[in-house]
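J.: Here the structure of chain A is known, so what remains is to put chains B and C in place on it, guided by the hints.
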Amino acid sequence: MTSETMPGYNYAYLDEQTKAMIRRAILKAVAIPGHQVPFGSREMPLPYGWGTGGIQITASIIGPEDVLKVIDQGSDDTTNAVSIRSFFAKTAGVATTTRTEEATVIQTRHRIPETHLTDGQIIVYQVPIPEPLRFMEPSESETRTMHALEEYGVMHVKLYEDIAEHGRIAKSYDYPVRVEGRYVMAPSPIPKFDNPKMHDSLALQLFGAGREKRIYAIPPHTRVESLDFEDHPFEIQKWDYACAICGARDSFLDEIITDDRGGRMFVCSDSDHCARRVGEDS
Amino acid sequence: MDQELLRVSGLTRYYGSRVGCRDVSFSLWPGEVLAIVGESGSGKSTLLSLLSGRLAPTAGDVSYRDRDGRWLSLPNLSEADRRRLQRTDLGVVHQNPRDGLRMRVSAGGNIGERLMALGHRHYGRLRGAGLDWMERVELDPQRIDDHPSAFSGGMQQRLQIARNLVTEPRLVFMDEPTSGLDVSVQARLLDLLRHLVAAMGLAVVLVTHDLAVARILAHRMMVMRGGEVVETGLADQVLDDPCHPYTQLLVSSILQA
Amino acid sequence: MNAPMISIRALAKTFTLHTQGGTRIRAFDGVDLDVAAGECVALHGPSGAGKSSLLRSIYANYRPSSGRVVVRHNGGSVDMTAAEPRAILDVRRKTLGYVSQFLRVIPRVSTLDLVAERLTAMGADAGEARDRAGELLARLNIPERLWSLAPATFSGGEQQRVNIARGFIRDYPVLLLDEPTASLDGENRRTVVDMILEAKGRGAAIVGIFHDDEVRDAVADRCLHLTRPKEA
Numbered sequence: 001m002t003s004e005t006m007p008g009y010n011y012a013y014l015d016e017q018t019k020a021m022i023r024r025a026i027l028k029a030v031a032i033p034g035h036q037v038p039f040g041s042r043e044m045p046l047p048y049g050w051g052t053g054g055i056q057i058t059a060s061i062i063g064p065e066d067v068l069k070v071i072d073q074g075s076d077d078t079t080n081a082v083s084i085r086s087f088f089a090k091t092a093g094v095a096t097t098t099r100t101e102e103a104t105v106i107q108t109r110h111r112i113p114e115t116h117l118t119d120g121q122i123i124v125y126q127v128p129i130p131e132p133l134r135f136m137e138p139s140e141s142e143t144r145t146m147h148a149l150e151e152y153g154v155m156h157v158k159l160y161e162d163i164a165e166h167g168r169i170a171k172s173y174d175y176p177v178r179v180e181g182r183y184v185m186a187p188s189p190i191p192k193f194d195n196p197k198m199h200d201s202l203a204l205q206l207f208g209a210g211r212e213k214r215i216y217a218i219p220p221h222t223r224v225e226s227l228d229f230e231d232h233p234f235e236i237q238k239w240d241y242a243c244a245i246c247g248a249r250d251s252f253l254d255e256i257i258t259d260d261r262g263g264r265m266f267v268c269s270d271s272d273h274c275a276r277r278v279g280e281d282s
Numbered sequence: 001m002d003q004e005l006l007r008v009s010g011l012t013r014y015y016g017s018r019v020g021c022r023d024v025s026f027s028l029w030p031g032e033v034l035a036i037v038g039e040s041g042s043g044k045s046t047l048l049s050l051l052s053g054r055l056a057p058t059a060g061d062v063s064y065r066d067r068d069g070r071w072l073s074l075p076n077l078s079e080a081d082r083r084r085l086q087r088t089d090l091g092v093v094h095q096n097p098r099d100g101l102r103m104r105v106s107a108g109g110n111i112g113e114r115l116m117a118l119g120h121r122h123y124g125r126l127r128g129a130g131l132d133w134m135e136r137v138e139l140d141p142q143r144i145d146d147h148p149s150a151f152s153g154g155m156q157q158r159l160q161i162a163r164n165l166v167t168e169p170r171l172v173f174m175d176e177p178t179s180g181l182d183v184s185v186q187a188r189l190l191d192l193l194r195h196l197v198a199a200m201g202l203a204v205v206l207v208t209h210d211l212a213v214a215r216i217l218a219h220r221m222m223v224m225r226g227g228e229v230v231e232t233g234l235a236d237q238v239l240d241d242p243c244h245p246y247t248q249l250l251v252s253s254i255l256q257a
Numbered sequence: 001m002n003a004p005m006i007s008i009r010a011l012a013k014t015f016t017l018h019t020q021g022g023t024r025i026r027a028f029d030g031v032d033l034d035v036a037a038g039e040c041v042a043l044h045g046p047s048g049a050g051k052s053s054l055l056r057s058i059y060a061n062y063r064p065s066s067g068r069v070v071v072r073h074n075g076g077s078v079d080m081t082a083a084e085p086r087a088i089l090d091v092r093r094k095t096l097g098y099v100s101q102f103l104r105v106i107p108r109v110s111t112l113d114l115v116a117e118r119l120t121a122m123g124a125d126a127g128e129a130r131d132r133a134g135e136l137l138a139r140l141n142i143p144e145r146l147w148s149l150a151p152a153t154f155s156g157g158e159q160q161r162v163n164i165a166r167g168f169i170r171d172y173p174v175l176l177l178d179e180p181t182a183s184l185d186g187e188n189r190r191t192v193v194d195m196i197l198e199a200k201g202r203g204a205a206i207v208g209i210f211h212d213d214e215v216r217d218a219v220a221d222r223c224l225h226l227t228r229p230k231e232a
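Residue numbers (the numbering used here), protein chains in the order written: chain A, 1 to 282; chain B, 1 to 257; chain C, 1 to 232.
These are computed hints drawn from the structure, not numbers from a lab. Note that CB positions come from ideal geometry on N, CA and C, so glycine has one too. Misleading hints may appear alongside valid ones.
Stated by the list, open to error - Listed below are several chain B residues computed to face chain A (Cβ distance under 8 angstroms; list not exhaustive):
no.	residue
1	E79
2	A80
3	G108
4	E113
5	A117
6	H122
With the rest of the complex left out, here is chain A (with noise of 0.2 angstroms):
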């Protein structure tokens, strides 16, 4: 299928023998929730680190029909929010929303839309490093093993260094989950705030990492806990102020210098809840 949007170039960019061979990779990550699966990451027209995994699995699963949303750090307007959703109006040719109930696909970068996700959405992650042991341990065999064994008493070494440290867990984003009591993954740098959303989410979360070429998945209805101690239990961010713009008081809020002179004020992160609620008000 060519694109009628771009002459020269496949529906979506990617080849169809590219885009079968990570929708393998898909359908072995949702069987196994949590799973780092190994694809053959294809060079995209953005750097490294720039969302190339999350741009090859929505190339992989978007369709004509489907309704595009990009957020980079909860905002649909920031320059790679931008770059990416034009990219994928130009050579899928497909519809695109700031609106998070009426998209179909959603990528990401480093956040959850506050609105709840439901059964029929997917939302694709951006990942820049997808294992959650690299910090303890360099080598690759030695992390396949531990996941294979399910050996990961090095994860609450490290929470248990931060409260030695700092008195409390201090990870506060890319807290690792433990997905349906078996596989410890890296949630992408989504702050810890976020992390309660992908548990039981009606919606189907795929995480791709384009340098270091992983895929993992949780599909719908998916146990998903943070790590943590008995005696210091998860526990998300919390502030002692409402958005600037809305009055919202439970979504993530976002710090934001206005002068020189030490102002600033909050204002959500998710663009488009804020704006809703808005409207919601006039």
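T.: Just chains B and C now, kept in the frame of chain A:
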């Protein structure tokens, strides 16, 4: 307590055509300390690696009787089972403590890791175990958050011991545990090991080239040369009444201070 | 209770010195000996006759070339020349005490603990064991200020008394004594004689080497004469 803990039969390991060790057989009972002595190239380190399950034999068997009384053939265990056994029932104290410690993890984290791997999830109790064990190996508990790189060699070795003993293993393998340490530090470590072995009823297989260490710690002794066991007996028997020419040479070569 | 505590048959020991071209040295030959409970046998003979070697062979420190050493232990008997290592260790722990000529010092272990260890190794309470060790050391005139020191720097006589304390702190049914009074003065010698007689009184079987005629006459019931063996 009447049954053997470890049964070794015909244990052999070749590296290509070179003999690592050949046809070693013995049994070990709970609470016994067996020293394997020999010079470089004798095969003692190969034997230790085979016994602890870190190396697969070319022939022969190493069987361990677990806490439920079942005999497990170490070379035939699945990797998952072998690794689990190595974390719970067995201990390995390396010659260089850096090989047996996580250098970028605090002392408390090092000690607690085995417990965390077994599913212990209470930070306060894990820390308590760390403090307890630091005292038992004569490390200042106030240094529980220090990294091993801040410890001296002797202290690192004691930390390595604590890290292994926290799961109360029944059998510990030690590879030249005192080599490279200052003499006074060695003495302190040997003293500690004597007490721990007695207090915990540990069985120990200890590889050393230092006959004085063997005399102090071991009940039994095996002398190896060229991959074979040339003499075996009680430690005092082998040291005071050496029969094999090689053993006599070894014993007579000890320098007297 | 009529069977001897120690029963030795045709015991012989020859050393082969491989480092000296295979020279063979016969330590002793053809020794037969029975020792009953409450009896003390003195080994007698010139130096080089193999007296120490015989004691060490009974203790299974030396491995005899031929013959048998049977010790009554735990209601049964153990042949020290043929038993498993852990059986020999069990006999040494519970039944067979040995006071050697030289004290083997372990670094960092205090005199008190060195003596008390013989009891704590059997499961005795550490405090009680130390008390008992202190009593013995006091009886043997080792001043209290030395108890917390390792005995490496003690005089020969002091080390020997520590060794004796180690041997007598438990009521061993069988005792092997190698020159227990060699470096002692009159008063301490008499104390050791008393201790040996007390051990005999409670039924211990004793084999000893006594350099001093007076001591031997005081404690020994009979002598076993060893002659210097012919060259092998």
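J.: Now tell me if each hint is right for this structure.
T.: Quick rundown of the hints versus the structure:
The beta carbon of E79 of chain B is positioned within 8 angstroms of a beta carbon in chain A (closest approach about 7 angstroms), and the interface hint is therefore held. Against a cut-off of 8 angstroms between C-beta atoms, the interface hint on A80 of chain B holds, since the closest Cβ of chain A lies about 5 angstroms away. The restraint placing G108 of chain B at the interface with chain A holds, with a minimum CB-CB distance near 6 angstroms, inside the 8 angstroms limit. Using the Cβ-Cβ criterion of 8 angstroms, the hint placing E113 of chain B at the interface with chain A is satisfied: the shortest such distance is roughly 5 angstroms.
Because the closest C-beta pair between A117 of chain B and chain A is about 3 angstroms apart, less than 8 angstroms, the hint holds. With a least beta-carbon distance of about 5 angstroms to chain A, the hint placing H122 of chain B at the interface is held under the 8 angstroms criterion.
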